[in-house]
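I would like the entire structure built from these sequences, with the hints used as guidance.
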Amino acid sequence: MDCLLRVTNLTKYFDFNEPPIVDKVSFTVEQEEIFAILGPSGCGKTTTLRLLAGFERSDEGSIQLKGQTLECPYNHINPEKRGIGFVFQDYALFPHLTVLENVMFGLQKLSRGERNHRALEILELIGMKSFKDRKPQELSGGQQQRVALARALAPRPEIILMDEPFSNLDAVLRESTRNEVRKILKASKMSAVLVTHDQEEALSVADRIGVMENGRIVQIGTPEDVYYRPKTKFVANFLGRTNLFNAQASGLEAQSTIGSIMLDRPARGNVIISIRPEHLTLEQTTPANCGGICGTVLTREFKGHDITYNVKLKDCACLVHTDNRMPFAVGDNVVVRPLEPAVVLEDETPLQ
Amino acid sequence: MRLPYFLRKLPPWYFLLPSVFIGLAVSIPLVYLIIRALGGDFSETTELLFRQRNLVLFWNTVSLTLGVVVVTTLVSYPLAWLSTRSDIPAKKFITMIGVLPLALPGYVVAYAILGLGGDNGTLAMVFGLEISRLTGYWGSLLAVSLYTFPYLFLNLRAGFLGLDPSTEEAARSLGYSSFQILRKVTIPQLRPSFLAGILIITLYVLGDFGAVSLMRFETLSYSLYIQYAASFDRIYAAIIALILISITVVVLVLEYKLLKGLLFYRAGTGTGRKMRESKLGKLRWISYGFVGAIILFSLIIPIFTILYWMAQGVSPAVWANLGDAIRSSVLVSAPAAVLSVLMAIPLAYIAVRFPSRTSNILQRFAYLGYATPPLALALAFIFFSLNVVPVLYQTFALLIFAYALHFLAEAIGPVRSSLYQASPKLEEAAMSLGMNRFKAFLKSTLPLLFNGIIVGASFVFLSAMKELPITFLLAPIGLDTLAVNVWSYSAEGMFAEAAPFALSILFFSVFFVGILFSREWKS
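Here the protein sequences line up with chains A and B, keeping their order.
Note that the first sequence covers residues 1 to 352 in our numbering.
Note that the second sequence covers residues 1 to 523 in our numbering.
You can trust all of the hints, since none of them are fake.
Negatives, chain B to chain A, calculated, CB over 10 Å:
{"id": "1", "residue": "Leu24"}
{"id": "2", "residue": "Phe42"}
{"id": "3", "residue": "Asp119"}
{"id": "4", "residue": "Ala317"}
{"id": "5", "residue": "Thr358"}
Calculated pairs, BS3-like style, for lysine-lysine (alpha carbon to alpha carbon, straight line, at most 30 Å):
{"id": "6", "chain 1": "B", "residue 1": "Lys425", "chain 2": "A", "residue 2": "Lys24"}
{"id": "7", "chain 1": "B", "residue 1": "Lys425", "chain 2": "A", "residue 2": "Lys189"}
{"id": "8", "chain 1": "B", "residue 1": "Lys443", "chain 2": "A", "residue 2": "Lys129"}
{"id": "9", "chain 1": "A", "residue 1": "Lys81", "chain 2": "B", "residue 2": "Lys425"}
{"id": "10", "chain 1": "B", "residue 1": "Lys425", "chain 2": "A", "residue 2": "Lys186"}
{"id": "11", "chain 1": "A", "residue 1": "Lys314", "chain 2": "A", "residue 2": "Lys303"}
{"id": "12", "chain 1": "A", "residue 1": "Lys135", "chain 2": "B", "residue 2": "Lys425"}
{"id": "13", "chain 1": "A", "residue 1": "Lys81", "chain 2": "B", "residue 2": "Lys443"}
{"id": "14", "chain 1": "A", "residue 1": "Lys183", "chain 2": "B", "residue 2": "Lys425"}
{"id": "15", "chain 1": "A", "residue 1": "Lys132", "chain 2": "B", "residue 2": "Lys443"}
{"id": "16", "chain 1": "A", "residue 1": "Lys231", "chain 2": "A", "residue 2": "Lys314"}
{"id": "17", "chain 1": "A", "residue 1": "Lys186", "chain 2": "A", "residue 2": "Lys135"}
{"id": "18", "chain 1": "A", "residue 1": "Lys129", "chain 2": "B", "residue 2": "Lys439"}
{"id": "19", "chain 1": "A", "residue 1": "Lys81", "chain 2": "A", "residue 2": "Lys186"}
{"id": "20", "chain 1": "B", "residue 1": "Lys439", "chain 2": "A", "residue 2": "Lys109"}
{"id": "21", "chain 1": "A", "residue 1": "Lys81", "chain 2": "B", "residue 2": "Lys439"}
{"id": "22", "chain 1": "A", "residue 1": "Lys109", "chain 2": "A", "residue 2": "Lys189"}
{"id": "23", "chain 1": "B", "residue 1": "Lys282", "chain 2": "B", "residue 2": "Lys91"}
{"id": "24", "chain 1": "B", "residue 1": "Lys425", "chain 2": "A", "residue 2": "Lys66"}
{"id": "25", "chain 1": "A", "residue 1": "Lys66", "chain 2": "B", "residue 2": "Lys439"}
{"id": "26", "chain 1": "A", "residue 1": "Lys135", "chain 2": "B", "residue 2": "Lys439"}
{"id": "27", "chain 1": "A", "residue 1": "Lys81", "chain 2": "A", "residue 2": "Lys189"}
{"id": "28", "chain 1": "A", "residue 1": "Lys81", "chain 2": "A", "residue 2": "Lys132"}
{"id": "29", "chain 1": "A", "residue 1": "Lys186", "chain 2": "A", "residue 2": "Lys129"}
{"id": "30", "chain 1": "B", "residue 1": "Lys439", "chain 2": "A", "residue 2": "Lys132"}
{"id": "31", "chain 1": "A", "residue 1": "Lys109", "chain 2": "B", "residue 2": "Lys425"}
{"id": "32", "chain 1": "A", "residue 1": "Lys109", "chain 2": "B", "residue 2": "Lys443"}
{"id": "33", "chain 1": "B", "residue 1": "Lys425", "chain 2": "A", "residue 2": "Lys129"}
{"id": "34", "chain 1": "A", "residue 1": "Lys135", "chain 2": "B", "residue 2": "Lys443"}
{"id": "35", "chain 1": "A", "residue 1": "Lys132", "chain 2": "B", "residue 2": "Lys425"}
{"id": "36", "chain 1": "B", "residue 1": "Lys260", "chain 2": "B", "residue 2": "Lys184"}
These aren't lab readings, by the way, just hints derived from the structure by calculation.
Ideal Cβ placement from N, Cα and C applies to all residues, glycine included.
Encoded structure:
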């Protein structure tokens with residue numbers, strides 16, 4: 001398989017007496033693919049990105065780009081020789097240069113005329129051509145972000161790395177910039193690796209996601225994959241709200257603290273299952289369904305387009321997302337009904 | 001196959017090597033000086049070391065230092081308070097009063113005080129007021145205090161401005177009066193600023209040669225010069241230099257011990273609010289008088305004295321010399337400024353981007369060159385050059401090199417603070433765009449250091465221009481800078497002849513101090 005970027009067992013220690021900050025990380029990125037590394041702060045995702053760029057040296061493992069080895073224990077190609085673009089979290093635009101000069105900065109191999117031409121072309125693409133003579137300080141956050149992207153794109157790198165690209169933007173701008181960036185990357189047929197701690201960002205921008213915990217990549221998959229079929233408690237919790245239960249599985253069915261439930265894959269014995277709040281629904285208790293999972297509504301968060309209920313069951317509680325046409329009140333007796341099979345997790349220690 | 005950790009964190013060689021070179025350039029001559037001083041016959045060395053004369057010199061030096069500390073404290077505290085906390089009008093002007101004496105070299109102040117008194121002094125001739133000429137201890141005390149107090153004033157002023165008003169408000173809410181608050185809350189919190197200012201002043205007093213020599217007050221520094229230049233007793237001069245360096249070390253250690261654990265941080269969160277101004281009330285006229293007295297002593301008297309003597313007629317030969325002197329001064333000061341900035345860049349870069357014990361130690365060497373009394377440093381360079389590289393003895397190269405090393409600390413500060421503002425991400429961005437490390441530094445970081453480089457170079461240029469003792473010991477024969485001229489004529493009592501040179505120095509100084517502080521005020 002000839003993928004664009006192949007990372008194998010990449011490991012980095014900051015202190016050899018402590019566990020590695022990046023621990024045997026392996027993943028691949030295909031041509032024109034946007035790959036997100038998602039994880040909480042301090043999990044090693046930014047360090048991984050800096051290893052890819054060559055700003056840091058790895059201790060073990062290798063990085064290959066288009067079959068060429070960039071990094072392995074006895075070889076380290078300097079960042080300037082890698083042909084990898086980098087977009088920094090705080091953009092790192094050169095304050096002493098104009099927008100145009102910033103974008104032209106990485107084009108020193110071209111002639112003056114070509115440089116100008118290419119820079120203007122890329123500014124056109126990101127819709128910032130009219131700002132070419134401004135200084136970075138005179139731009140808004142979203143504009144700076146786009147110039148930073150243009151600067152990285154201009155020399156036509158093989159791949160672009162983006163470190164928390166949207167974290168410095170306010171909520172409203174973040175959403176639109178996100179779509180904008182995805183559009184630009186796709187339009188220029190560019191591959192990218194971005195790191196983020198924001199699950200919504202990863203889910204909406206990336207083609208595939210690698211979820212990182214304590215220096216390790218614990219799951220890789222499409223956004224739908226990692227969201228609907230998390231492999232561990234950590235992934236299930238990190239990608240949104242979920243319900244976790246202990247269960248006794250036998251085949252495709254299990255007995256859990258919330259009663260009998262279908263499973264997504266056959267299993268046997270003690271397992272932990274996860275079911276997303278939107279995969280549960282509520283029904284009014286009637287004599288016909290009172291044999292199901294009965295409970296009472298503890299709290300109710302009305303959020304406009306949907307409602308989140310916290311339902312007290314026999315000896316646990318669960319979250320249920322319903323649409324706004326299900327008006328239950330606090331204290332109502334309800335029946336919780338699963339709409340989808342629950343996901344069997346790989347964790348072995350049962351929940352407390 | 002992996003490199004040891006400390007090796008991978010090493011700064012690039014083109015910054016590391018110059019830094020190590022600077023460290024060696026400062027320390028080797030000093031080590032050489034110690035070897036020369038102590039390396040002779042043992043009984044002779046002990047005889048020189050325990051001469052009764054040394055006790056007198058030591059006492060003169062210490063008593064002058066203590067006196068200057070007291071006087072500058074009495075001047076700086078009220079002035080700093082007035083310029084930050086009171087409702088006195090024209091605070092900027094008052095701050096300027098506290099800054100401008102930086103432009104006055106000690107020997108010019110001494111010249112002004114000497115030219116004032118006596119039967120042919122300015123006072124006698126203009127006002128018919130005959131007072132005896134102020135010399136010796138009191139003359140030195142006045143002269144040195146006048147040109148050093150700004151160092152304490154600036155530190156205290158920054159301290160006052162940095163204080164958290166809420167601590168004082170808390171004290172007020174607990175029932176303290178204004179005076180009690182000043183004594184129990186404000187002044188204790190200003191101790192780090194006070195100590196920092198006092199340290200610089202102490203180093204200046206220990207190293208001062210120009211003022212004490214004109215005042216004929218024999219401190220260690222002055223005596224070192226006499227032994228070297230008049231008695232040609234190099235070993236005794238080296239012994240005195242050693243005593244001076246020992247005192248400096250004691251002062252530095254003392255300062256370090258006192259400052260340790262004394263750093264007060266603003267404990268709470270949130271931005272500090274602006275401090276309320278105190279009403280001067282009945283103290284108003286006393287304050288005006290106080291500020292007026294400082295203006296009189298630190299500005300009016302020196303300028304008036306110089307102008308008066310200039311009006312007495314200066315021989316045309318002196319005027320002819322003036323151009324030469326200016327040219328000499330600029331010819332040695334400008335390269336020194338450039339060289340010290342070139343040295344400051346790698347040191348500051350390593351300190352900011354590769355903070356470690358090693359880089360800290362390398363940076364200390366720069367301060368060692370600054371703290372070493374100039375005559376001791378110059379003597380160390382003489383010994384070193386005569387024995388190791390005789391070709392360099394009494395050359396422009398050695399003089400410029402010594403200036404640059406001595407004033408390096410003044411260049412590092414501004415370069416370092418502009419480096420702090422340039423994110424290391426910029427260099428990484430340049431590297432990710434295909435530039436190697438060195439080129440990335442040149443293209444992305446260096447342009448941002450421009451401001452710091454200009455400020456640092458100006459400081460060094462100004463200091464080298466005013467410098468006297470190093471010039472005396474190291475200058476090539478026939479090199480007469482402005483400073484040397486002022487001192488030589490004043491030492492002979494030829495005040496009129498000294499005037500044009502003093503005025504030129506004043507002109508350069510005020511010009512540069514003006515530029516430096518207008519830059520600071522803008523930001």
